[in-house]
Structure formats: C-alpha cells, structure tokens
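Model the full structure from these sequences, guided by the hints.
These are the residues of each chain, in order.
There are 2 protein chains.
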Amino acid sequence: MRLEIASTYSENGYQDYELHLNEHTGTHLDAPIHFIKDGIAVHEIPVHCLCGPLVVLDIRDRVLHNHDATVIPDDILRWEKKYGKIPSNAIIIMNSGWGKYFGDNNAFVNMDKQGIPHFPGWSKTAVEFLLEARSVLGIGVDTLSLDQGASEDFPVHNTWLSNGLWGLENVANLDNIPPSGAFLFVGASKVYGGTGSPVRLIAVI
Amino acid sequence: MRLEIASTYSENGYQDYELHLNEHTGTHLDAPIHFIKDGIAVHEIPVHCLCGPLVVLDIRDRVLHNHDATVIPDDILRWEKKYGKIPSNAIIIMNSGWGKYFGDNNAFVNMDKQGIPHFPGWSKTAVEFLLEARSVLGIGVDTLSLDQGASEDFPVHNTWLSNGLWGLENVANLDNIPPSGAFLFVGASKVYGGTGSPVRLIAVI
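Just so you know, the sequences run in chain order A and B. Positions 167 to 371 (this note's numbering) are the ones given, in order, by the first sequence. Positions 167 to 371 (this note's numbering) are the ones given, in order, by the second sequence.
Everything labelled a hint here was simulated from the structure, so no lab data went into it. Hints may contain errors.
Pairs involving identical chains hold if they fit within one copy or between any two copies, as the list cannot separate such chains.
Straight-line alpha carbon distances no greater than 25 angstroms define the calculated SDA-like cross-link-like pairs of lysine to any residue that follow [said to hold, decoys possible]:
id, residue 1, residue 2
1, Lys356, Ala299
2, Lys290, Ser173
3, Lys266, Asp341
4, Lys279, Glu298
5, Lys356, Thr191
6, Lys290, Gly179
7, Lys356, Asn188
8, Lys203, Glu170
9, Lys290, Tyr180
10, Lys356, Met167
11, Lys356, Cys217
Note that the structure is a prediction, hence the values are computed from the model and not measured.
Have a look at this one:
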C-alpha cells in the first residue's frame, strides 16, 4: 500500500493522498466474485448481510504446537456446548492467536525453506458443516487467508464463496472480544465490481 | 478511481484488483489532519468516536430555491423543537436533497460560467453553535464538501476539524433515514496517516 501526496497545505489549503492498494490489503472482505466468476461483487452484498452476532472460535492452544491447525467441526460443537447453538445470521471468526504477528511479515506469512507458508485457517469440513447445519453470514480469520497457508487449491474459499457468502481476513484485536455475545458491523467499502475491500470492523458488546 | 487487474482466475485461481483512488472518493471521512497540520489522522480517531445517535437536518425546501443554501443554527433549533435536544455524542448530517445528483457529475458539482461550484453545505455559524453548545462527534453532508460549493477559504472545514472532530461527505440514501432515532456506525478504513478514507456507513433504526 502506497500513499502519494495529491494536495498540500501550502498549495491547496489542505492535504490529501492518492491511495494505491490491493483490494485485499489489511483487514478486508473477500466477496464471492473473488473466486467465483459469476459470484456477487462487494457492492452487491446487502447491508443486512454485513451485520450479525459475532462468534469467536478460540483455537490458540492447538496452534501453539501446529502452525497448520484448522478450525474443524469439533471447534464449533465445543463452542456450542459452552454458549448454546450458533445464533442465526452469525459471523464466525477464528482466533488462532496469529494476530500477535501483525506487522512482522516474516512471522505472519511463516514460509518454510520450500517457500510454502504455514499459518492456520478453516478446514473444508468445518465450512461444509456450517453450510449444511447452521445459519451463518460470513466467516473470518486472524491470518492472511480463510484457507490454511499451506493450501494450494483453496478449498475453503471455493466452497464458502460459491455459496454467495463472504469472508474476512487479517481480523485484529480478537483477544478483546468475548467468545459469545458481541454484535459485529462489517464496514465494507462499496467498490463497484470489487472482489473485496478493506473493511472497518466495529464490534459492540 | 481506477481498478487495475492484479490476479486472474486463469492464472491465479482467483481474481483481484489494485485500487487507485483519492482518499476523499465516494462517501468518505475527513480527518482533522486534512486541514490541520498537527491534527489527528484517520487511524487515530478512537472507535467510540465513530458511533453515535444520528440526526438528519432536512433543508431540502430551501435548496429548491437556493443552491448555495447552508445549514444555519435555526435548522438545529427547529429540529430540537420537534425531536428534543440534540443527543450527546450525536452525528449530524445535512439532507439537502443533493443526493439525487449522485452519478451525474455536472449536476453534482453544478459549476457556473465562472467555474465556481454551487451546492449546499454547513455555515460557519452553525458549527460554531455546535462547538459551543452541543455535544457532537461529527457532521456530514450529502454534497461534495462540508463547506458550500462556492466557498474559497473553507471556514467550516477549518473551524470544525481544528477542534479534533471529523466530517462525512457524499453521504447517500438520507431520504431512507428518520430525522431522529437512528444510530450510525462509521466504518472508516484505518489508513495510517490518512487525511481521510472511504467509509461504509451503517445506520440502525
């Protein structure tokens, strides 16, 4: 991401910048069209699909020993045992503890000697479980990708987005959010035709 | 604003774009630093200052006869007669009816033969009244600028932003929002050092 000066106090009376960035920079949303050619773009996601009860799935313990750990159906069932059934129109975000590496690109991408990244993500079985048995608006991760870093064919992206649903990547500050009971507003920029966009997430407790 | 293809389905398995845009494109926020050299940038606005009760001031009638109309203290007092005192930490947005020109650049900027734009905005006296006598987080307009189009020295920007407060420009869909009773979430992208950013506004009624 690059900021280029467009106006200056001395010449214009105010300052501003031209922004140059990939749609998928920082905390951002993946729209269905990111992977699915005829999927909807970010501006076509109805606003009521961008607000919902927030569920945080904590897999930090498993990640300590396994950087390729994924959210599995058991993580969802374990959450439900404690907090009750996943609420309707939920937004479910993985807290893998990876957020502590924000700003340290090497640790965040965690590439091995073969150039393969290693960081946690969702499993295909977990999103298939959600699609079949729960009512969910979107899923998210505190890592670079809905799929685990080592994935080559993005089964989670393809499965989830092909159902017209969206994902959030690089979600920050999850340690400050209770596992259950918060409500999330996903402030996605309405870029026409965009495959995604930077978002401001506001959780209300 | 320009979208440049960065990845393609055939080469990468997914598509995305590089975005090139000014910070002050579409519905967007002006941070204090936009006009005030030592003011805070968009990433420094605390999240609790981006959520508040929404007040919509309807000046559509006056704008029909005067494209240079501004929000004046009387508009605020008239709103208060109907709906009670402006709530604490309010976000107050002008509905001038100008939103109907979105997408028609000539009508939206409305330049005269001398090249001077004509569209409504706030008056300096109205924002001075708010600063002295009410508790407000931010103000907004459904036009290009907090100041009326014909302004050359931006008294509203300079007065309001120098108090560490922010503004919203090009706010859409105000006709669907009640004058009183909605609550607004301002999803400003957290661009480090940014003088503003595109925002997704979500009003809850």
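Each hint, compared with the structure:
no.	hint	in the structure
1	Lys356 x Ala299	neither (30 angstroms within a copy, 35 angstroms between copies)
2	Lys290 x Ser173	between (47 angstroms within a copy, 23 angstroms between copies)
3	Lys266 x Asp341	within (10 angstroms within a copy, 43 angstroms between copies)
4	Lys279 x Glu298	neither (38 angstroms within a copy, 62 angstroms between copies)
5	Lys356 x Thr191	both (15 angstroms within a copy, 11 angstroms between copies)
6	Lys290 x Gly179	between (53 angstroms within a copy, 17 angstroms between copies)
7	Lys356 x Asn188	both (15 angstroms within a copy, 15 angstroms between copies)
8	Lys203 x Glu170	between (32 angstroms within a copy, 17 angstroms between copies)
9	Lys290 x Tyr180	between (49 angstroms within a copy, 18 angstroms between copies)
10	Lys356 x Met167	both (19 angstroms within a copy, 12 angstroms between copies)
11	Lys356 x Cys217	both (15 angstroms within a copy, 19 angstroms between copies)
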